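Visitor: Let's have the full structure, built from the sequences with the hints guiding it.
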Amino acid sequence: MENMTYSQARKELEEIVRSIESGELDVDKLTEKVKHAGELIAFCKEKLTKADEDLQRMLDEIA
Amino acid sequence: MNQSLTLLELNRFVREVVKNNFPDTYWVRAETSDVRRNANGHCYLEFIEKDPVTQNIVARARGVIWANTFRLLESYFQSQTGTAFTSGMGVLVRVSVEFHEQYGYSLTVVDIDPSFTIGEMARNRMLVIRRLEEEGVLRLNKELPIPDVCNRIAVISSATAAGYGDFLHQLASNPFGLIFYTKLFPAAMQGENSEASIIAALEKIYENRDMFDAVAIIRGGGATSELNCFDSYPVATNCAQFPLPIVTGIGHERDVTVLDMVAHTSVKTPTAVAEFFIDHQAESLARITDLQQRLVSIARQAISRENSELALLSKDVYHHSIAFLSKQNSEIGNVVFMLRAYSQKQLDTLRQEHKEQVVRFRNAVEHVIRIEKHRIENAAQYFEMVSPKNVLKRGYTITVQNGKIVTSATSLVENECIETIFSDGKATSEIKNIEKWKI
Numbered sequence: 004m005e006n007m008t009y010s011q012a013r014k015e016l017e018e019i020v021r022s023i024e025s026g027e028l029d030v031d032k033l034t035e036k037v038k039h040a041g042e043l044i045a046f047c048k049e050k051l052t053k054a055d056e057d058l059q060r061m062l063d064e065i066a
Numbered sequence: 040m041n042q043s044l045t046l047l048e049l050n051r052f053v054r055e056v057v058k059n060n061f062p063d064t065y066w067v068r069a070e071t072s073d074v075r076r077n078a079n080g081h082c083y084l085e086f087i088e089k090d091p092v093t094q095n096i097v098a099r100a101r102g103v104i105w106a107n108t109f110r111l112l113e114s115y116f117q118s119q120t121g122t123a124f125t126s127g128m129g130v131l132v133r134v135s136v137e138f139h140e141q142y143g144y145s146l147t148v149v150d151i152d153p154s155f156t157i158g159e160m161a162r163n164r165m166l167v168i169r170r171l172e173e174e175g176v177l178r179l180n181k182e183l184p185i186p187d188v189c190n191r192i193a194v195i196s197s198a199t200a201a202g203y204g205d206f207l208h209q210l211a212s213n214p215f216g217l218i219f220y221t222k223l224f225p226a227a228m229q230g231e232n233s234e235a236s237i238i239a240a241l242e243k244i245y246e247n248r249d250m251f252d253a254v255a256i257i258r259g260g261g262a263t264s265e266l267n268c269f270d271s272y273p274v275a276t277n278c279a280q281f282p283l284p285i286v287t288g289i290g291h292e293r294d295v296t297v298l299d300m301v302a303h304t305s306v307k308t309p310t311a312v313a314e315f316f317i318d319h320q321a322e323s324l325a326r327i328t329d330l331q332q333r334l335v336s337i338a339r340q341a342i343s344r345e346n347s348e349l350a351l352l353s354k355d356v357y358h359h360s361i362a363f364l365s366k367q368n369s370e371i372g373n374v375v376f377m378l379r380a381y382s383q384k385q386l387d388t389l390r391q392e393h394k395e396q397v398v399r400f401r402n403a404v405e406h407v408i409r410i411e412k413h414r415i416e417n418a419a420q421y422f423e424m425v426s427p428k429n430v431l432k433r434g435y436t437i438t439v440q441n442g443k444i445v446t447s448a449t450s451l452v453e454n455e456c457i458e459t460i461f462s463d464g465k466a467t468s469e470i471k472n473i474e475k476w477k478i
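Heads up: the protein sequence lines correspond to chains G and F, in order.
According to my numbering, the residues represented by the first sequence are 4 to 66, in order.
According to my numbering, the residues represented by the second sequence are 40 to 478, in order.
Just so you know, these hints were derived from the structure itself, not from any lab.
Keep in mind that the hints are not guaranteed to be accurate.
Claimed, not checked - Taking lysine-lysine and the DSS-like style, the derived pairs with C-alpha atoms no more than 25 Å apart in a straight line are:
(1) K443(F) - K465(F)
(2) K432(F) - K477(F)
(3) K53(G) - K222(F)
(4) K443(F) - K48(G)
(5) K36(G) - K14(G)
(6) K222(F) - K243(F)
Said to hold, decoys possible - Listing some non-contacts, in silico: residues in chain F with all C-beta distances to chain G over 12 Å:
(7) N77
(8) F109
(9) L131
(10) G372
(11) I470
Being a predicted model, the structure only gives us computed values, none of them experimental.
We put the beta carbon where it would ideally sit given N, CA and C, even for glycine.
Guide: Dropping the structure here:
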C-alpha cells in the first residue's frame, strides 16, 4: 500500500465495489475485501486531506 | 566668407521648414517602444516601424504626450482596449511634427484611436495563434489530464500581488478539509521584463516538474492592466508545450489572451483558480466517499442476506438434528437390548464353564491328594521299617567309642573299650583282636 499511487488505489477500490455489487463473492472473501477496501478508502482520503509536512518542506526547499 | 551657419542657425532653419511644410496634424501608424512617464505626468516614448518580414526597425521617431493630453488619452485608451498604453503596441496616433533646435525631431501626440490598437492586438493574437496551430502545439496543454490528486501547485505570480494572497487564502480555507501544497515562482507580471520573467519561472518549474501536479499563473490587484506579455508568442508556446496543466487567472476585462487560449483552463481571477483546484479535489474526495457509501451499503445488505440464510439454515439444522437424534436414539435402544441379551448369554456360558472348571479342578486336586496320601503312607511304612529301633530289633547293633559311632575297623585299637548298643540295652567290651578286611 505504501508504494501505491492514488489512482491505483482508487481503481482497486472501484474493482472491489463492483465485484461486491455483482454478488459474486462468498462471505469469507467479502469480509476480506471489505477490510481491504476500508484500507484503500483511508489511504485515498489521507492523500486528499492529510497534510504531508515533508512534501511542503521539499517544495519550500526548491531554490 | 560669410557662407557658413551656426548649428543653432541651421536648426532654426530646419525648424521653420518643418513647421511650414507640416502645418497640420497627421494620423500615423507605428509601434510604441520604450514608453515611460516622468514625474510631471508627461509621457515619453519611441515610435518605431518594423519590416514585417525581417522585424528589423526601418523607421524611428521620438514621441511625447504632454501630461494634460496623456491623462485623458490614457484612461480612454485603457477603457477601450482593456489594456494600458505601453510599449510594443501597434497604435494609430494623431501627431504634430516638431523640430526643436536642441532636441531635434519628435512627434507630439494629440489624439489616439484605440480601435486600431484593438485591431492590431487581435491581428497579432491571430498571428500567434495561427503559428501555434501550424506548429501543432496550440491544444497540447489542454489535452493534458488533470490528475486525480492535483494538490501540488506551482504558482507563477508577483509575490506581493493581492491576488496571490487571495489565491492562498482561498485554498487554505476550503470547506472540505482538502490539502494543497503551493510553491511560488515569483515573476513580474507586468512591465518590460514580464515576458522573460514568466518564461524563467516556467523553466524553473520544468526543472522540478516531478514535484508538481499543475501550474497556476495568476495576476490581480495591480493598478494597471497590461496584457501584452500574455499575447506573446514565446510565453504562449512555452505554456502550450508545458508538461503540467496550466490554469490561468490573470484578471482582465478583455475577452481573452493567447495565454488563456493555450492554457489547460482559464478563469477570471486568482480566487477562481483556487476554486478550480478545490472543485477538482472535492470531486475526487466525493468519488471516494461515494465508493465508501456503496461499499458500506452493499456489505450491510450482504451481511443481512447471509444472516437470514444462516437463520434458515440453522432452523434446518435444528429440525434435522432432532430427527437424526431420535432415529439414533431408537437405534441405540435396539443395540442396547441386543447387547444385553447377548451379554446374558455370554455370562451364562461363562458361568457354566466356570462351574465345570471348578469341578474338574476339585477332582484333580482330590486325585493328587489321594496319590500323595498313599505315597506318604508308603514312605511312613518304609521309614518305620528302616528306623534304627526296628533295625536293632532285627539284630543289628551300633558300636560306639568315646561317644562316636564306629563304622570302620581301622580306627580301633587293641585293649581299648567299645560300647555295643542293642535295641533294649548296651554292653561294654574290651577289644582282644582286630582283623581288618580289604574291601
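Visitor: Report holds if the minimum CB distance from L131(F) to chain G is greater than 12 Å, and violated otherwise.
Guide: holds (46 Å)
Visitor: So if I understand the rule, the pair passes when the alpha-carbon distance is 25 Å or less; does K443(F) with K465(F) pass?
Guide: Holds: K443(F) and K465(F) sit about 14 Å apart, inside 25 Å.
Visitor: Checking a non-interface call: every C-beta of chain G should be farther than 12 Å from the C-beta of G372(F). Is that right?
Guide: holds (40 Å)
Visitor: Does the claim that F109(F) lies off the interface hold, with its Cβ farther than 12 Å from every Cβ of chain G?
Guide: holds (42 Å)
Visitor: Straight-line Cα separation of K432(F) and K477(F) no greater than 25 Å?
Guide: violated (29 Å)
Visitor: Checking one constraint from the list: CA of K36(G) to CA of K14(G), max 25 Å. Satisfied?
Guide: The given pair, whose Cα atoms are some 14 Å apart, holds under the 25 Å limit.
Visitor: Is K222(F) within 25 Å of K243(F), Cα to Cα?
Guide: Satisfied, since the Cα-Cα distance of roughly 11 Å is no more than 25 Å.
Visitor: Evaluate the condition: distance from the CB of I470(F) to the nearest CB of chain G exceeds 12 Å.
Guide: Fine: 123 Å to the nearest Cβ keeps I470(F) off the interface.
Visitor: Once the closest CB in chain G is found, is it more than 12 Å from N77(F)?
Guide: At roughly 38 Å from the nearest Cβ of chain G, N77(F) sits farther out than 12 Å, so the non-interface label holds.
Visitor: Compare the distance between the alpha carbons of K53(G) and K222(F) with 25 Å, and conclude whether the hinted pair is satisfied.
Guide: At roughly 18 Å apart (the allowed maximum being 25 Å), K222(F) and K53(G) satisfy the hint.
Visitor: For a C-alpha distance cap of 25 Å, please report whether K443(F) and K48(G) respect it.
Guide: Judged against 25 Å, a Cα distance of about 128 Å means the pair is violated.
Consistency note: the structure conflicts with the earlier hints numbered 2 and 4.
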